[in-house]
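J.: Here's the letter readout for the chains.
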Amino acid sequence: GAGVSQSPSNKVTEKGKDVELRCDPISGHTALYWYRQSLGQGLEFLIYFQGNSAPDKSGLPSDRFSAERTGGSVSTLTIQRTQQEDSAVYLCASSLEAEGEQFFGPGTRLTVL
Amino acid sequence: QKEVEQNSGPLSVPEGAIASLNCTYSDRGSQSFFWYRQYSGKSPELIMSIYSNGDKEDGRFTAQLNKASQYVSLLIRDSQPSDSATYLCAVNSMDSSYKLIFGSGTRLLVRP
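Each protein sequence line maps, in turn, to chains A and B. Residue numbers for the first sequence follow this note's numbering, so the first one is -7 and each next one is one higher. Residue numbers for the second sequence follow this note's numbering, so the first one is 185 and each next one is one higher.
Just so you know, these hints were derived from the structure itself, not from any lab. Mixed in with the good hints, there may be bad ones.
Derived coverage of chain A by chain B (criterion: at least 3 residues anywhere in the stretch with Cβ under 8 Å from a Cβ of chain B; other residues may be distant) [said to hold, decoys possible]:
| # | stretch |
| --- | --- |
| 1 | 30 to 40 |
| 2 | 85 to 94 |
| 3 | 97 to 103 |
From chain A, some residues computed to sit far from chain B (all C-beta separations above 10 Å) [claimed, not checked]:
| # | residue |
| --- | --- |
| 4 | SER(-1) |
| 5 | GLU6 |
| 6 | SER50 |
| 7 | GLY51 |
| 8 | LEU52 |
| 9 | PHE57 |
| 10 | ARG61 |
| 11 | THR62 |
| 12 | GLN72 |
| 13 | VAL81 |
A virtual CB, placed ideally from N, CA and C, is assigned to each residue, including glycine.
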């Protein structure tokens, strides 16, 4: 079956522009996660969605970051007024249920010039 | 203090040897433990999960968990050059059990 998909695979933008990153989880998975991996750094939790519950946004680094999940499936991570320190690989993962094994998508490499 | 610690490596082993990767964690209430493999430029790939003390074997991989010592390890038997990658240890957070805390990873090099 299809795994987690993400688009775009690469995004180059100018400082100050807004970007949208998309994640399509594995079909049937109720939980969806966003992580960020900066060069040479570990994975950093950003946000978690589970079914219709309120998301856990505790990992979002600033109010320039927001995410939504429509219809319990596809998720979009939006970064407003991008900064150079936002450059990283943004990874989406999904799991069948909360606390389950998390499977990652291929990631979106964001470069802010 | 880092919550999940791994030796960054590189750990270099000859082809056919056993590679031993180690991880310690600080949250005594953690219940779920995972090993991911990450090739350069790729995303993490789940290879093992373990929830109970003891050993769990899957093919050439064995995960070992000791909650009393807050220690989890991954053994790779008959190491192959294709096993060369960074191995990430992940532990669930006690306050938000769905949230994984990742170590910085151990880079493994398997010499032909």
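J.: Just want to verify: SER(-1) (chain A) was marked as not at the interface with chain B; is every Cβ pair farther apart than 10 Å?
T.: At roughly 14 Å from the nearest Cβ of chain B, SER(-1) (chain A) sits farther out than 10 Å, so the non-interface label holds.
J.: ARG61 (chain A): least C-beta distance to chain B exceeds 10 Å?
T.: Label holds. Min Cβ-Cβ 14 Å, cutoff 10 Å.
J.: Checking the smallest CB distance to chain B, is VAL81 (chain A) really beyond 10 Å?
T.: Non-interface label on VAL81 (chain A) violated, nearest chain B Cβ at 8 Å vs cutoff 10 Å.
J.: Taking 10 Å as the cut and beta carbons as the points, is LEU52 (chain A) off the interface with chain B?
T.: Fine: 13 Å to the nearest Cβ keeps LEU52 (chain A) off the interface.
J.: Would you check whether the claim that THR62 (chain A) is not at the interface survives, using Cβ distances to chain B and the 10 Å cut-off?
T.: Check passes; 20 Å lies beyond 10 Å.
J.: Quick check: do three or more residues in the stretch 85 to 94 of chain A have a beta carbon closer than 8 Å to a beta carbon of chain B?
T.: holds (count 5)
J.: Confirm or reject: PHE57 (chain A) is not an interface residue toward chain B, with every Cβ-Cβ distance exceeding 10 Å.
T.: holds, 16 Å
J.: Just double-check GLU6 (chain A) for me: nearest Cβ-Cβ distance to chain B has to come out over 10 Å.
T.: It holds; GLU6 (chain A) is separated from chain B by about 24 Å at its closest Cβ, greater than 10 Å.
J.: Can you confirm whether chain B covers the stretch 30 to 40 of chain A, using C-beta to C-beta distances below 8 Å and requiring at least three such residues?
T.: holds (count 5)
J.: Grab the minimum beta-carbon distance between GLY51 (chain A) and chain B and tell me whether it stays above 10 Å.
T.: violated, 8 Å
J.: Using Cβ atoms and 10 Å as the threshold, tell me whether GLN72 (chain A) really stays out of contact range of chain B.
T.: At roughly 24 Å from the nearest Cβ of chain B, GLN72 (chain A) sits farther out than 10 Å, so the non-interface label holds.
J.: Determine whether the non-interface label on SER50 (chain A) survives the test: each CB of chain B must be over 10 Å from its CB.
T.: violated, 8 Å
Hints 6, 7 and 13 from the earlier list are contradicted by this structure; the remaining hints agree with it.
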